[in-house]
Each structure stands twice: as structure tokens, then as C-alpha cells.
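Let the hints inform the model, and build the full structure from the sequences given.
Now for the letters of each chain:
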Amino acid sequence: MERVIRFLERYLLPVVGVIAQQRHLQALRDGVVSTVPLLLIGSFFLICAFPPISYLAMLVDPYVNALLTVVNATFGIMGLVASFSIAYALAASYSMDSLSSGLLSVSAFILASPFTKEGHIDSGLMGSKGLFVAMIIGLLVVEVQRFMIKKDIIIKMPEGVPLSVGRSFAVLLPGIVILVSIFMINVMLAKIGGGSIPKVINHIVTAPLLHLGGTLPAVLIAVFAIQLLWFFGIHGQALVGTGIMAPIWLAFTQQNAVAKIAGEAVPNIICQQFIDAFILIGGSGTTLALAVLLFTTVKSNQLKTLGKTSILPGFFNINEPITFGMPIVMNPIMMIPFIMAPLLCVITTFVFMASGIVDKPYVLAPWTTPAFVSGFLVTGDWKGAALQVLNFFIAGIIYYPFLKIWDENKVKEEQEQMNAKPSQGNKTIF
Amino acid sequence: MNILLVCASGMSTGLLVNKMRIEGENRNLLDLNIFACSVDEIEKYIGHYDVVLVAPQIRYKEKYISALASSKDKGCAFIDGAHYGRVDGNKILDQAFEFMRN
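Chains A and B, in that order, are what the protein sequence lines are.
If you're matching positions, the first sequence starts at 1 in the numbering used here and goes up one per residue.
If you're matching positions, the second sequence starts at 1 in the numbering used here and goes up one per residue.
Because the hints were derived from the structure by calculation, they are not lab data.
Beta carbons: idealized from backbone N, C-alpha and C, even for Gly.
Errors might be hidden in some of the hints.
Unchecked claim - Selected chain A positions facing chain B (in silico; Cβ < 10 Å): (1) Pro14; (2) Val15; (3) His24; (4) Gln26; (5) Pro51; (6) Tyr55; (7) Ile234; (8) Thr242; (9) Ile244; (10) Pro313; (11) Asn317.
Stated by the list, open to error - Label-pair ranges, simulated between beta-carbon atoms: (12) A:Arg3 with B:Asp94: 27 to 37 Å; (13) B:Asn2 with A:Ala57: 45 to 55 Å; (14) B:Lys91 with A:Val411: 32 to 42 Å; (15) B:Lys44 with A:Pro217: 54 to 64 Å; (16) B:Glu98 with A:Phe169: 47 to 57 Å; (17) B:His48 with A:Arg23: 37 to 47 Å; (18) A:Glu143 with B:His48: 26 to 36 Å; (19) A:His203 with B:Lys44: 34 to 44 Å.
What the hints assert, rightly or not - With a cut-off of at most 25 Å between alpha-carbon atoms, the simulated SDA-like pairs for lysine to any residue come out as follows: (20) B:Lys63 with A:Glu9; (21) B:Lys63 with A:Ser181; (22) B:Lys63 with A:Leu13; (23) A:Lys117 with A:Leu189; (24) B:Lys63 with A:Val15; (25) A:Lys156 with A:Ser181; (26) A:Lys308 with B:Lys19.
Okay, structure coming up:
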């Protein structure tokens with residue numbers, strides 16, 4: 001074990017650190033995740049518009065359209081908001097004028113998205129369809145700006161002009177270059193078979209990425225990676241879940257909400273809620289069941305105490321007391337159920353939703369929403385809560401035998417300590 | 001004494017804040033100020049605190065955090081996994097005092 005830890009410190013941590021600190025990845029993550037509060041607010045109005053209880057649904061029926069305007073102004077402009085926040089985050093990381101970069105990026109994003117025939121903004125491109133367009137444009141805008149500033153291709157003010165005035169002029173030339181290029185590219189793409197920047201990006205980037213990211217194997221791989229990193233004591237969910245998968249999972253979340261508004265069938269099984277509500281029951285590793293088992297069944301004093309400290313946070317899907325206190329980190333015995341339980345829950349959840357027994361999620365709830373409540377909230381289907389109960393029991397069954405082994409180890413350890421203590425004073429016992 | 005606790009989202013360190021406050025009261029520390037934030041917000045808050053304690057699960061950000069802390073002349077340390085798991089306010093408070101600068 002010592003060797004494994006040393007190996008980890010020397011090789012794995014630095015690699016993971018470099019990935020996590022990579023500027024562009026971080027900007028994408030921060031930018032996309034900053035849309036989540038808006039999606040949560042939109043979700044609140046989405047539930048109000050489509051309450052899961054039919055009597056309430058009847059009551060709100062006359063107000064559905066009014067409620068949905070808020071949903072449109074939150075879910076509906078996810079891409080537009082991200083075009084600002086991604087450029088803002090990247091510019092801030094370079095200590096550039098982040099506000100002007102963000103604004104320029106919004107302008108570039110709108111320019112890249114062709115207007116409708118009537119000359120209106122195409123609202124379809126402002127949501128998740130525009131998300132990956134926003135990601136690419138947001139990064140490019142800042143990089144072009146930075147390149148031009150570095151090469152001194154900017155309008156410079158003579159000395160004595162206030163700094164802020166100078167800065168506002170510095171954005172002009174890069175801004176013109178960026179906007180003119182985007183305009184020209186769109187004109188060219190339109191000439192070649194009526195394309196546009198969003199069409200090309202959706203074809204080359206978004207479609208394959210979502211197609212891959214929405215499959216069962218992709219989720220299994222992502223969850224496996226999250227669990228494995230946690231085994232090494234690294235926050236896998238922050239790194240892989242939020243860090244890499246969030247744009248894909250949130251795009252699916254957005255598509256589901258939009259379909260619900262339009263009165264269409266909710267399309268995606270895999271989405272942010274799939275992970276938050278059905279897999280992370282109690283935290284990474286589906287550990288709520290383990291917390292309950294620790295609270296009720298163990299004999300070792302240390303694990304009993306752990307049960308008391310971990311059960312309440314567990315209901316809010318926080319499980320660091322278990323991962324570090326049991327510990328699961330670097331514990332080859334507990335590693336097995338810690339990886340198996342969430343993977344099995346992925347499969348059951350996928351099967352129940354694919355077969356149509358449980359409705360697919362369309363409402364986004366905060367990840368700290370307690371299990372059994374969140375399943376109902378996100379799907380609007382009581383069977384969503386039932387599926388969480390099922391996953392809870394599956395995880396419990398998987399954890400139980402391993403917990404017993406670990407508990408016995410701990411009891412032995414504690415007995416040895418008990419026996420060792422009096423022996424210091426009175427050696428005749430032995 | 002101002003202590004900043006940092007983890008991925010400020011949630012699990014939030015558990016620790018209460019434990020450390022109770023421990024501070026037991027020790028009659030009157031000017032103890034403890035706050036938990038996510039690692040993404042650290043630059044916003046670090047200026048107001050004397051020492052930064054970092055949760056073990058974000059050890060992979062060690063370089064970034066320790067460089068930031070030393071540039072602002074703040075004490076910085078990583079919390080031991082076992083102490084963190086036990087939400088051991090006592091030990092972690094000791095650690096905060098140990099790593100405080102000035």
C-alpha cells in the first residue's frame with residue numbers, strides 16, 4: 001500500500017493536477033457550470049408549469065405559457081449565457097479585460113448564428129444547440145485577442161490618456177478582426193451548400209460528441225473513472241463529472257427541458273439528473289446505503305461513530321466522512337463495492353428508463369437534494385423515487401458483505417488495542 | 001485568527017466548520033473566524049484569512065493553491081485524510097495554528 005501511495009504522489013497527482021488546471025478546460029468548465037443556477041431557477045418554473053400531481057396541473061393550466069416564459073429565458077439561452085461566461089473565465093485566467101472579452105464573445109456568438117428569414121434571432125440556436133458553438137467561439141475570441149495584444153496589433157493611446165480609456169480602445173481592433181472573420185466565414189459557408197458556423201460545428205463536434213456521450217458505455221466509463229479517482233483520494237466527480245462530462249450532460253438536460261416545454265416526448269436518459277439523482281445517492285459510490293448500514297449494523301466502535309457522523313450528510317449526498325473516515329480511499333476491500341454499486345445503479349436506471357417504466361428526467365434539481373425526494377422531482381413520476389429506493393437497496397446488498405469483513409477487521413484491531421493497553425502496566429496478564 | 005477551508009464545492013468542508021467552531025468555543029478562542037469555500041472561489045476569499053486548510057480530495061490542486069497562498073503570505077496546509085474523515089475539529093484546529101504565519 002505504501003508503494004501505491006508513493007507512486008500516486010509522484011506520478012498520478014501531478015498529471016491530474018495539470019489536467020485540472022489546464023486553462024481552456026477550466027474555462028469551459030467554469031463557463032458551462034455558471035449556467036447551472038439559471039437552469040435551477042428555470043427548473044423551478046418548469047415544475048410549476050408541469051406539476052406531477054394532476055389536480056395541481058389542472059389549477060395551473062391557464063398560466064402554463066406565462067410560467068414557461070421564465071423557462072425559455074433560462075434553459076432557452078444556455079448557449080448565449082455560456083458564450084459570455086466561457087470567454088469571461090478564460091480572459092480572467094490570463095488577467096485580461098474579462099468583461100470586454102465576454103461581451104465581444106456574445107457579439108461574435110450572435111453574429112455566427114444566422115438570423116431567421118424574418119430577421120429575428122434564431123432562438124433554437126441560443127440553447128444547448130448553441131452550447132458547443134459558444135464553447136468554441138468563446139475560447140477563440142479570447143485567444144485571438146490575446147495574440148493581437150501580444151503582437152502589439154492594437155490601437156494604442158498616447159501617454160496621459162486614462163488607463164481605462166486605453167483599455168477600451170485595445171479591444172477595438174481584435175474585435176473588428178474577429179467579427180469580420182466570423183461574418184466572412186458564414187458568408188462562405190452559406191455559398192457552399194447553405195451552411196453556417198453553428199451547422200458545421202453541430203455536424204463535426206456536437207453531434208458525434210453527444211452521440212457518444214449519451215450511450216450506456218460512455219456513462220459506465222465516466223462513472224468508473226470517477227470511482228477509481230476517489231479510491232485514490234481524488235475528487236473524481238469534480239474532475240470527471242463536472243470537469244469533463246458537464247457540458248454533455250447539461251446539454252442533454254437542456255434538450256429534455258425544451259422537449260417538455262414543446263409538449264414532445266423527453267428524449268434523453270443520460271443527463272445531469274441521471275447522475276445526480278440516481279447514481280450519486282448519498283454521494284459518489286451510492287454510499288447512502290452504506291451510511292445506513294454503518295448506522296445500524298456494525299460492531300466496531302470506530303465504525304459506529306462513523307455511522308453517526310456520516311448519516312445526516314449522506315442524506316444531502318455528501319460522503320467525505322465515509323470516503324476518508326472508513327476509509328474507502330486506498331482500501332482495497334471497500335474499493336470493490338465502491339466501484340460496483342454505482343455501475344450497477346447506472347445499468348438499472350438505464351434499463352428502467354429505456355423500457356419506459358420510469359419517466360426520463362426533465363427537471364434539474366440541486367445535487368444536494370435528498371434521495372427519494374429528488375427522484376420524484378426530476379422525473380415528475382413517483383416511480384422515479386421508487387427507482388431510487390431500488391438503487392439504494394442494490395447498493396446496500398453490494399456493500400453489506402464487504403462492510404462485514406471490514407467491521408470484523410476493525411473489531412479485531414480494537415480488541416488488540418484494548419489488550420495492549422493494560423499490558424503496559426501489568427505484564428503478568430500474558 | 002481567520003481560517004479558510006477549501007474543498008471542491010465548499011460542502012464537505014462546511015461540515016468541518018461547525019465542528020471547529022465548537023472546538024474553538026471549548027478552548028475559549030474568541031476571535032476565531034472560520035469559513036468554507038470551493039476551490040474555484042479561493043482567490044476571492046483568501047485575502048481575508050490567515051491560513052488556508054485544504055481538503056485531501058483536491059490535493060491534485062496542491063501546486064496552484066500553495067503557490068497562491070505563499071504569494072499572499074498566507075499559511076497553507078493539507079488536511080490529513082483520517083482527520084478529515086472523522087471531521088476531527090480538534091486536530092484540524094491544531095493544524096491551523098501550526099501553519100499560521102507571523
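Results for each hint:
Interface hint at Pro14 (chain A): satisfied, since its Cβ lies 8 Å from the closest Cβ of chain B, which is below the 10 Å cut-off. Among the interface hints, the one on Val15 (chain A) holds; its C-beta lies about 9 Å from the nearest C-beta in chain B, closer than the 10 Å criterion. At a threshold of 10 Å, the smallest CB-CB gap from His24 (chain A) to chain B is about 16 Å, leaving the interface hint violated. With its C-beta approaching chain B no nearer than about 9 Å, Gln26 (chain A) sits inside the 10 Å limit, and its interface hint holds.
Proximity of Pro51 (chain A) to chain B is violated relative to the hint, the smallest CB-CB distance being about 29 Å (cut-off 10 Å). The beta carbon of Tyr55 (chain A) comes no nearer than 36 Å to any beta carbon in chain B, farther than 10 Å, and the hint placing it at the interface is violated. Evaluation of the Ile234 (chain A) hint against chain B yields a held restraint, the C-beta minimum of about 6 Å falling below 10 Å. At about 8 Å, the closest approach between the beta carbon of Thr242 (chain A) and any beta carbon in chain B falls short of 10 Å, and the interface hint on this residue holds.
Interface restraint check for Ile244 (chain A): the shortest CB-CB distance to chain B comes to about 14 Å, outside 10 Å, so the restraint is violated. A least Cβ separation of about 6 Å between Pro313 (chain A) and chain B falls short of the 10 Å threshold, and the interface hint therefore holds. The restraint placing Asn317 (chain A) at the interface with chain B holds, with a minimum CB-CB distance near 9 Å, inside the 10 Å limit. Range check, Arg3 (chain A) to Asp94 (chain B): Cβ separation about 30 Å, and the 27 to 37 Å hint holds.
For Asn2 (chain B) paired with Ala57 (chain A), a C-beta distance near 51 Å keeps the hint of 45 to 55 Å intact. For Lys91 (chain B) paired with Val411 (chain A), a C-beta distance near 24 Å fails the hint of 32 to 42 Å. Remark: the range hint 54 to 64 Å for Lys44 (chain B) to Pro217 (chain A) is contradicted by a beta-carbon distance near 39 Å. Here the CB-CB span from Glu98 (chain B) to Phe169 (chain A) is close to 51 Å, well matched to the stated 47 to 57 Å.
The beta-carbon spacing between His48 (chain B) and Arg23 (chain A), approximately 26 Å, falls outside the hinted interval of 37 to 47 Å. At about 34 Å, the beta-carbon gap between Glu143 (chain A) and His48 (chain B) stays in the expected band of 26 to 36 Å. At roughly 40 Å, the beta-carbon separation of His203 (chain A) and Lys44 (chain B) lies within the given 34 to 44 Å, and the hint holds. Annotation: proposed proximity of Lys63 (chain B) to Glu9 (chain A) holds, straight-line Cα distance about 12 Å (limit 25 Å).
Straight-line distance between C-alpha atoms of Lys63 (chain B) and Ser181 (chain A) comes to about 39 Å, which puts the hinted pair past the 25 Å bound. Restraint check: the Cα-Cα separation between Lys63 (chain B) and Leu13 (chain A) comes to about 10 Å, which is no more than 25 Å; the hinted pair holds. Between Lys117 (chain A) and Leu189 (chain A) the CA atoms are separated by roughly 17 Å; this keeps the pair inside 25 Å, and the hint holds. For the suggested pair Lys63 (chain B) and Val15 (chain A), the alpha carbons sit about 12 Å apart, so the restraint of at most 25 Å is met.
For the hint pairing Lys156 (chain A) with Ser181 (chain A), the CA-to-CA distance comes to about 22 Å; that is within 25 Å, so the pair holds. Taking the CA atoms of Lys308 (chain A) and Lys19 (chain B), the gap is about 14 Å. The hint holds against a cut of 25 Å.
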